[in-house]
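Based on the provided sequences and hints, a complete structural model is requested.
Residue numbers (this note's numbering), protein chains in the order written: chain A, 1 to 265; chain B, 1001 to 1311; chain C, 2001 to 2295.
Just so you know, the hints here were simulated from the structure itself, not pulled from any lab data.
Even glycine gets a Cβ: it sits at the ideal position worked out from N, Cα and C.
Accuracy of the hints is not assured; some may be wrong.
To be verified - Ranges between beta-carbon positions, derived for each pair:
id: 1; chain 1: C; residue 1: M2232; chain 2: B; residue 2: R1295; range: 53 to 61 Å
id: 2; chain 1: C; residue 1: L2132; chain 2: B; residue 2: F1007; range: 56 to 64 Å
id: 3; chain 1: B; residue 1: F1175; chain 2: C; residue 2: R2282; range: 54 to 62 Å
id: 4; chain 1: A; residue 1: S171; chain 2: C; residue 2: T2133; range: 15 to 23 Å
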Amino acid sequence: MTIASTSHEDVLAQGQAEYACVTRNLSVAYRDELILRNVDLRVPRGVVMGVVGPNGAGKSTLIKAMLGLVKPLTGTTEFFGRPLAKVRQRVGYMPQSATVDWDFPTTVQDVVLMGTYGSLGWLRRPGKAERARAMAAMAQTGIADLASRQIGELSGGQRQRVFLARALVQSPDLFFMDEPFQGVDAKSQQAIVGVLHTLREQGKTVVIVHHDLMTVRDYCDHVTLLNRRVVASGPAADAFTKEAIRTTYDVTDDDGFLDSLAFVS
Amino acid sequence: MTVLEFFADHTYRMVLAGTVTIGFVAGALGSFAYLRKQSLISDVIAHAALPGTLVAFLAAVAVAGTGGRSMLVLITGAVLAGTIAVAFANHVARTSKVGIDTAMAVALTVFFGAGMLLLRIIANGEFPGKGGIQDYLFGNASVITTADFVTSLVVGMLALGLMVLFWKEFALRTFDPDQSTALGFRAGVIDTLMFTTIVIATVIGVKAVGLVLMVAFVVTPPAAARQWTRTLRGMVWLSAAFGAVGSGVGAWLSILLGTVPTGPLIVLTLFAIFLVSLLASPRRSIVVTVLSRRRARAALKRELTGEGANT
Amino acid sequence: MTFVAGTALLAVVTALACALPGVFVVLRKDSMLVDAISHAVLPGIVVGYFLTRDLESPLLIVGAALAGLLVAVGSEWLCRTGLLTGDAPQGLVFPALFSAGVILVTTNFANIHLDTHAVLVGDLNLAAWDQLTVGGVSIGPTYLYVMLAVLGFDCAFLAVSYSRLKVTTFDPQFAASVGVRTGVVNTAFMFVVSLTVTAAFHAAGAILVIALMIVPPATAYLLSRRLPTMIMSTAVIAVTGALAGFWLAYLLDAATSAGMAVFFGLIFVAVHVASRLARHLRHRRRAGRTPAPVS
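Pasting the structure below:
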């Protein structure tokens, strides 16, 4: 019996490890208002998963609850088959930029170096190795020349690239990005997309909150349509359908607009 | 002591009338500070009143030779200094990256420090009627004279009159600062007027209850009133009533108990009113809210786990 | 050590001990919380005296620091209920606690030497009165060594938690996501602030402690683009202002902390005006050289 159940668990663990992250039955309430209802989500390894939905659909809340930044009412999330506390180093997060104090006396390089704090102890400061990693991450996002700028002096797109570099410097296997393209100029958008492609080539997994329906197909190979609950989730061709988009956004299609977006199924 | 005896005593009458006036005016005008989310500005004003009153005292002594502690002189100096401190804090917050909280802390301490230096200069000189620092810090309700009372009543009514006159503009500016600018009201003018009324509400109490505790007169009644009402008009009235009643009850208690100072007792009475409001108000009661929220969450959780198990 | 030298040194050490944690207070936009915390010192001391019956007991400082922490935690809790807005919670809690302290003093301890106004105003010269002598030689005020210990404690705390404090202050969401326990960091920091305020009130008084804690970092904030620069310039401003304020008070024969507060204020105003002028000039020069970019 013991042997059998152990091997059964092994099989289960292996099966789950195909997924970078698995969320089961996740519900979140703000005070007594339900924001997310029984969300089940599986993110396969090595995909770029777009989380798409209208304003107030709970997209950011979903990511925060998965990462334990918002306490969920019910449900659990596992990363690489294990609880977050055990694999924190393998999970990177790029928050929405609005939460930060832009007058904070800190330079671009300092902010990127903050990405290494999680792996440092109480007393250790970032050393040569960390600095080198930070430089590499800044080069990858095209902000190496801004390293000594105060963050308040940057444009919106440059700021986003700083936060992307901060997530990259941890070299995680799974990235969560909350609206990385919000308020971003064309050059920054290009740089961020470039990083996305590189990550996919490296076999990393990316979960990206995205609200521009036009570009979903370009950036994402998996899509989750969310409006307080999961409407559809899976490979873009299966999930990003006219029908699902219509349900998610609660719109009726008269002018064929949806046809231009979705894969025709 | 019977009620009749109480009101037969001139000092008691003055203490009661004086503190009730202070409580009423501070409560009514404190509503705007509360809704502007800048309640602590009253603490800045109260501390800035110290150098203001001292400069006014010196000026009065220099000009008139005496009467430096008269209420009108004190209030004039305090209003000027308080207004400058508020303008300084708001200006620094607007024109530099320093936040309003830090700007207020800077204004508070710099003015108070200057007051302390002035106080020493006065203490070293020979001035009639000079007071010690404790008179300014804690005030003294039992020295309210009829003239003091009349002065604070008139000045307080002046501030309330301004509020009534500019009611529409104040309301708009409080609830929707962006829109009122767009509508073409001179936002700066309205702000100056509003903060001036808050300055007056704060400084008329400094002589009776002191600069340390005046903040409670401005903050506590509106916070309590907010728990019961949703309209601005209701809030201002209720807050004024809470301020007046709390001050009256506190002053009464301090006279009955004899040795306990008036200001602290009023503050505790106001705080009790606030606690009762927080716990008992029908719509927003903290007990009801917390309980119902917890119940709703538990129900949701049950429902959702049931649902999850079925899927 | 002469009395003047010892007192001046005490002023410098007190200013430093307050200003260093003040850097993070300013960055967290919690400056007025220091106002609230410092007023809670009185009831803390009264309750501490009630328990120990000894005005010299070091437990008084810890008790008062806990009272300060109570204000910080209490007002945060009131905020979280969602029933109050703005900075009102702090303004509600500290006058009530302070009033309770005053009433306790006047009703129970009218006979002991605990002047309520002394708590608020403080007197550096009085604090420096008690001299520590080793082998018959005075080595400065006893209180200097208390403040040195507090300074050491503050520096140790900041050194150990520098990274966590920085990332928690800058971006709490991100900090939590990399596993920093932000709640623990916040509470520990508030306790350190509270302890420093409490220890310093003898020298500066509860009201002017705010000046020592807030104004030097606020000035440095105007000047700095990096956190290490801000900390260094805070230290420089604190020391300069302490010495100049000490001298100013010495001339006027007034309380040293008042002189320090006014001097810090002057430095702040000067830096504020200068930085605005500099920005103005830079803009004009830039506008003169190149046409405004079309965007």
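Taking the hints in turn, this is what the structure says about them:
| no. | hint | in the structure |
| --- | --- | --- |
| 1 | C:M2232 with B:R1295: 53 to 61 Å | 54 Å, holds |
| 2 | C:L2132 with B:F1007: 56 to 64 Å | 59 Å, holds |
| 3 | B:F1175 with C:R2282: 54 to 62 Å | 38 Å, violated |
| 4 | A:S171 with C:T2133: 15 to 23 Å | 60 Å, violated |
This entry does not satisfy hints 3 and 4, going by the numbered hints stated previously.
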